[in-house]
Amino acid sequence: DSGVTQTPKHLITATGQRVTLRCSPRSGDLSVYWYQQSLDQGLQFLIQYYNGEERAKGNILERFSAQQFPDLHSELNLSSLELGDSALYFCASSVGSVIETQYFGPGTRLLVL
Amino acid sequence: LAKTTQPISMDSYEGQEVNITCSHNNIATNDYITWYQQFPSQGPRFIIQGYKTKVTNEVASLFIPADRKSSTLSLPRVSLSDTAVYYCLVGDGNTGFQKLVFGTGTRLLVSP
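Top to bottom, those sequences are chains C and H.
First residue of the first sequence? That's 132 in our numbering, and the numbers climb one at a time after it.
First residue of the second sequence? That's 83 in our numbering, and the numbers climb one at a time after it.
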């Protein structure tokens, strides 16, 4: 158990819908990272937040957004969902804002029908 | 953006040493190299991290040559439970911002 929690574990929805994925980092960690893993794209970095502020941006679509709240939990919002958004979404956390050991959550499996 | 390249797959037998190499030609001065292990339907798990020369911990060693354009993860005496995908991660060090780029991953299959 990494100490990172993600909810929900599974999510099934339809195209065009909007969903919110939630992540609680390990106690004491200030950074939260979001990743998308699909069969054909591998593990893709989406975005990083550090202590409430956006720190780094990767291959995140404009239809996706994220935020980190004062209690340091984070939410990833996915809107206008397409079939291709079906994937595993992982959240990770670390103590600081630069590259260091990241602890990954169990992931949320999203299926868009 | 630091791009990495790894072999797609490797096969080994129990008890053997496995070396997985990652190429990262445009690694930046501030970048560290990190390796993660991932089992199916689980999040990646940290294995080891280094900047230069050699780093060793209880599960693996990491060899980084002087030019730092590649790195090698060494797993001593693998077991069946080491069957997993291994990712090389290089932080793209632009002061204050880190764009994290995972490699393609190497699927290691350990057979009895």
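A few of these clues could be false.
[Stated by the list, open to error] Here chain C is said to cover these stretches of chain H; the calculated rule only asks that three of the stretch's residues, wherever they fall, bring their Cβ under 8 Å from a Cβ of chain C:
hint, region
1, 122 to 129
2, 184 to 193
[As the list claims (entries may be wrong)] Going by beta-carbon spacing under 10 Å, a handful of chain C positions derived as facing chain H:
hint, residue
3, Ser133
4, Val135
5, Gln137
6, Thr138
7, Gly173
8, Phe176
9, Phe195
10, Ser217
11, Leu219
12, Ala223
13, Thr232
14, Pro237
15, Gly238
The hints are simulated quantities; they were obtained by calculation from the structure and are not laboratory data.
Where a beta carbon is used, it is the ideal one built from N, C-alpha and C, also for glycine.
Now the hints, each set against the structure:
no. : hint       : verdict
1   : 122 to 129 : holds (count 6)
2   : 184 to 193 : holds (count 3)
3   : Ser133     : 7 Å, holds
4   : Val135     : 8 Å, holds
5   : Gln137     : 9 Å, holds
6   : Thr138     : 14 Å, violated
7   : Gly173     : 6 Å, holds
8   : Phe176     : 4 Å, holds
9   : Phe195     : 16 Å, violated
10  : Ser217     : 14 Å, violated
11  : Leu219     : 7 Å, holds
12  : Ala223     : 7 Å, holds
13  : Thr232     : 5 Å, holds
14  : Pro237     : 6 Å, holds
15  : Gly238     : 6 Å, holds
Checked against the numbered hints listed earlier, the structure breaks hints 6, 9 and 10; every other hint is satisfied.
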